[in-house]
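Chemist: So the sequences go chain by chain: A and B. Every letter in the first sequence is one number past the one before it in the UniProt record's numbering, and letter 692, counting from 1, is 692. Every letter in the second sequence is one number past the one before it in the UniProt record's numbering, and letter 106, counting from 1, is 106.
Just to be clear, a hint being listed does not mean it is correct.
Derived lysine-lysine pairs resembling DSBU-like cross-links, with alpha carbons at most 30 Å apart [claimed, not checked]:
hint : chain 1 : residue 1 : chain 2 : residue 2
1    : B       : K69       : A       : K195
2    : B       : K195      : A       : K554
3    : B       : K453      : A       : K113
4    : B       : K69       : A       : K190
Hint data in this document are derived by calculation from the structure and do not stem from the laboratory.
2 protein chains.
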Amino acid sequence: MRTFSSYIFLGLLLIYSCSTKQEVKNDLTVWVTPFIGSESQDSLSLPSNTFPGATTPFGMIQLSPDTQKDILNTCSGYQWKDSVIYGFSHTHLSGTGISDLYDILILPFTGTKDSIIAKLTASNMNHLRSTFSHEQESASPGYYQVLLNKQINVELTATKNVGFHRYTYQPNAIPRVLVDLDHSLSKRRKWLPFKMIDAQLKVVGPHTLEGYRIVTGWARLRKIYFTIKFSRPIADYWMFRDKRYYPSTDLICGVDNKSPLAVLSFEESKEPLEIQVGISAVSTQNARENMKYQAENKTFNEIQNKADADWERELSKITIEGSNKYKRMFYSAIYRNYLHPNDMADTNGDILLPNYTEDNLGKGNSYYSNFSLWDTYRATHPLLLLTQQERMPAIINSLIRQGEVYGYLPIWGLWGVDNYCMIGNHAVSIIVEAYIKGLRGIDWSRAYEIIKKTLTRDHANSSFFSQVEQYGFYPHDLGYEVASIHLENSYNDWCASIMAKKMGKEKDADFFLKRSMTYRNIYDKQCGFFRPRMSDGSWAEPFDPFRYDGDGDKRYYCEANAWQYLFSVQHDIKGLMQLMNGKEGMEKRLDELFTTVSPTNEINENASGFIGQYAHGNEPSHHNAYLYNYVDKPWKTQRLIRQIISKQYNDSYNGISGNDDMGQTSAWLAFSMMGFYPVNPASGEYALGSPVLDKVIIHLNNGKQFEILIHNQSETNIYVESVSYNGKKLSRPFITHEMIMNGGLLEFYMSENHPH
Amino acid sequence: MRTFSSYIFLGLLLIYSCSTKQEVKNDLTVWVTPFIGSESQDSLSLPSNTFPGATTPFGMIQLSPDTQKDILNTCSGYQWKDSVIYGFSHTHLSGTGISDLYDILILPFTGTKDSIIAKLTASNMNHLRSTFSHEQESASPGYYQVLLNKQINVELTATKNVGFHRYTYQPNAIPRVLVDLDHSLSKRRKWLPFKMIDAQLKVVGPHTLEGYRIVTGWARLRKIYFTIKFSRPIADYWMFRDKRYYPSTDLICGVDNKSPLAVLSFEESKEPLEIQVGISAVSTQNARENMKYQAENKTFNEIQNKADADWERELSKITIEGSNKYKRMFYSAIYRNYLHPNDMADTNGDILLPNYTEDNLGKGNSYYSNFSLWDTYRATHPLLLLTQQERMPAIINSLIRQGEVYGYLPIWGLWGVDNYCMIGNHAVSIIVEAYIKGLRGIDWSRAYEIIKKTLTRDHANSSFFSQVEQYGFYPHDLGYEVASIHLENSYNDWCASIMAKKMGKEKDADFFLKRSMTYRNIYDKQCGFFRPRMSDGSWAEPFDPFRYDGDGDKRYYCEANAWQYLFSVQHDIKGLMQLMNGKEGMEKRLDELFTTVSPTNEINENASGFIGQYAHGNEPSHHNAYLYNYVDKPWKTQRLIRQIISKQYNDSYNGISGNDDMGQTSAWLAFSMMGFYPVNPASGEYALGSPVLDKVIIHLNNGKQFEILIHNQSETNIYVESVSYNGKKLSRPFITHEMIMNGGLLEFYMSENHPH
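In isolation and in its complexed conformation, chain A is listed as follows:
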């Protein structure tokens, strides 16, 4: 069959997109393929859950097609294998394993009044939807296009807070538009179901529909206010609520999942119908101001060009040489790392705090949320610290503010509030990493204060710090996933200790350093795994290093088995080595990790992308392939990196292994393609791998350049013969953040043979 990339090529040639594309100057954005990751790699893998829609770097709007209703299967709303589109909603999450958002679904369609009313009031309500085909679909950064029912061409673009729709109907058809406030994650899902608490749609002028919805789901509580402006006057409108037509009203309210829908009609015209949707988390007035400031008197093409230019600016911070396939893989991976977190501040600086009160940061200031921290602290945030240094202070300050208001730093920040997904407060790692790497624009004493509170206040999903002080570990009988929690808390404890030390807080530094080493208390030398203990000191039973369940519903590990957490000690690899009886012991365990096949072939809902017990499809494994560098066998790292890149990534719709998790799985790829990876992000050290690109230039915001030349690399020349920095040969397969920030030239000399 035709290759995926040729679809895109074909899409780009479609007259609709051409008419706009031709005006847009493209250098790097052409290499971004938003469809990558819109399908699982195989039946055993999680879907990567990316969305192809239009958005701006770190913007609040992700205007994207939803190919599923009552969304359960794909958390991004879009799945490559689907053949229908229910509409285009304005907020999405990229790569998460849980669904939410999907605000304000809009669908262009045609039909008679009677047929529409019949459909929307049928007891088994037939949702409006359209067929589409990938041949008639295209996407690029800040732009998405699809032909619906072979009749209505849809184009989407966005600013930070405003979504733009351009609908081209058949000239002879009466243009209709559905606005649906019911569309959401599943209401049937038992675990954290969606509930629409309140909502409203109101015609407020000849061109304008406004409203809001107040909902609870994965995000505890979200308020979304919006104003929708149409390029042509609304000729007629029909309001619906809970499968019932309200013939005589200009506004419709919904409560308790009795959802409001509106169908609006417009004059027939050859001209496309353009729709601007401004949103705010604070008020409709703010949504209006956001639209006025970002979109007033701007054409669709102007907005699209602006979005494209914004992406071009962000992508051009790293320029590369390599094959077209690698360029598509690399820049698409970078692109997916700039989708989140999202700036939720309104134009006037209004923000919503984690206690559901409002504050104003002053006009033009940013406030970020949507942090999948358990994932992104590993490589996404290190990547942002390399390329988004001007944005990172606002991101860090948003984390600090959220921590100060709520009481501790987020575990998983969604729409400004903690949803307690996963474990550990890895914002600690991100903040300490920024501190260690010398980021400016942050009150570090405030930062340390909330880090200390975060790591001393007992709270859910980071378990009970008081326990590790009392028992020396987190007892299984008093907790949940305690082995993973202990390992991850230990890493964050270590982060806190190096920050305290650098700030001269010796006492704190000792306290946290000591606690960061307690992970050793749960290493069972008998079986050679980290393993939970009971409060009486005995080991939790039963134990099976391949099992994901622990004992029944009480898991030992978080989304993993003992193998996958065996090396989760990024902060004390030397210590881990001692537990494993030195380098040889650790190398042996690493070899076993990458070769041992589970005797039970137990399927796990989160682990996938297996190489032995290594599961690249989930985050705990992500640094493991680089660990051979620490046992003086870098060539094994190099071989594995090449194997993972070639087997678990590509430039097609199934090009990502497992959930992309807001960029983390892609950040692993981007770093690895460049030849280095932050095994311990906060340390400021990177382990070297096997770069697949020929040349990389990182354009640093301090004005300097860090250039990487990869000599003689090919599909067969995968081993690193030597590496030099500014002409001087490196003695260890590691570089430091300082070396990068000072600029200079890193040269890899590749060969097809590895040392023995």
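Chain A is fixed; fit chain B onto it per the hints.
Modeler: Showing chain B alone in chain A's frame:
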């Protein structure tokens, strides 16, 4: 057994209360018995659902004991027959048939740390609670006292936004205090269950605990922020979440019904422990400001005296002469009419609008919510228009603002938002009544604008205005409880028409007047009842005037049968008379109403207090006994009024027939005891009955007095021989609002015989 009132007397004598009572000068507040209505009259009646706790007139705080957990049976949280108290929460509703609020439960207790932790972490969690007896309980306006476990004396008082607790422990016991954010209406209730979305408790200083809870229940969404100040330093605190003890933290968060609790301990002392709790619907900062402004540096006794004085001022607007029993019944009824609506504005003027955005009204301004309008438009609001004229503009303006923001006037306004309970937008009646009665301080053109929108925008629970225009009625097959909705909408249509007419909007006046007469289209002359029609014009089947169900789940009437809605045409009694073939026909139907016994004895969950088919226990009947005045048989009205007062009211805990419904059932009593009642509130006319008091003086806020002298009245002299106004004999048993507002003397001459 000893009488209820002697309990109170005994309560008042308890040293604890005496120590404070003695300082409080009482004239009228002594006649208020807050316990009236805390139990059902009989097994067939609904509980009246009043609460005995401490509150101020129309204040946001109702600090009252909750004798039930997971509250279902009593919507006020308190039931006379109960023998345990779970604690004292700060917000309650008086007389409603559905439960909500109960924010921030606080309970004083004692016990060892281990026993407390064991209790609060037990899998079948034993809620902390205390026994109590009515002999050791007392209450008066703004004050409540009870002795818990014969050991801890509890006293409560309040300001508008601040609740005050004074706990006197045994000197040798370590004082403990439970603060519980879990306490609420039932989470198990299938219909509108409670969900705690988010909550927090945080120790912020040696004397201070702060937090919030964000919840959804009967009220769609409520945010409650609070600050709690203790008179002694917190010596120790233990935090709990979801039956789990968090040993090492100064804050505890709860999400998704995983509720936070805190137990605080204090030094032993002979001095009572005093606690101030400030609340706000907007922010903790506002809660602090409310407390600072209303309570700082004030003693418990000062606050109690202030609350008592506030009540005294409100009660003294009507002075009466009569038996002590009648004084208790009358002033308690007046008291219950001043509990709602509640001023939700913060001291700084911040308010929460129905779209969940915030606004500021300016310091010192009031903003009212909690409107049980289907009930209270009948007599509560007419009573407020007589005695609360200085407060009514803010109440009316709050209704207008809520209508403007939301799109139509509230049906049932709870915590600032419409919960769509019951039917009809009876705020229309309240606003028009105020307009007709000449209230100042309202932009009447704005008021009319939202009334018109309210009565022309199709919306839930007022059904579809477009239908009555298309069919001439609300078809049963297209609606629910349509007969009741038609009758009630017709009344509101009539209200709109007289306002439009007075404003010179002839066209609107004609439109609404015409529509207000369409109720006649559903009067079935064959059976002589109002009865729903199908959209094809045929009558809905089956029909049985005694049945409450309609056909299966689709009711014809709202909480009633055909008999109980037969006379619900307050605005066109002449027209109803014509339908019933004149005065004789209507008298005959009234006689039947009050004598016909249901052959099926069908029990109904809402109708009770039967006299024949007349059900005084629910509102649709409330004006019916006065209708004999319109058929020239006022003596039948007089006889009935006396019968209802003596049989369905008393001055004991079971002194109210059915739900008090935020004062309406009590407002009927207050008016009837004075001798008049607003059959058609907006008309400005009152029908006369049979007063049971000897003398009444209404002290009007225009400086005038309206005095009522009842000559020769007694338990046997129940008939009105004649009535004179300023010496001039009345020709009809009616007076006007104008006559009252002009001041003057109304004299009833009573006799034991009635004319034949």
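Chemist: Next step is simple, just say for each hint if it's right about the structure.
Modeler: The hints, checked one at a time:
With a C-alpha separation of about 25 Å, the suggested pairing of B:K69 with A:K195 holds against the 30 Å cut-off. At most 30 Å may separate the alpha-carbon atoms for a hinted pair to count; B:K195 and A:K554 meet this at roughly 26 Å. For the suggested pair B:K453 and A:K113, the alpha carbons sit about 25 Å apart, so the restraint of at most 30 Å is met. Restraint check: the Cα-Cα separation between B:K69 and A:K190 comes to about 26 Å, which is no more than 30 Å; the hinted pair holds.
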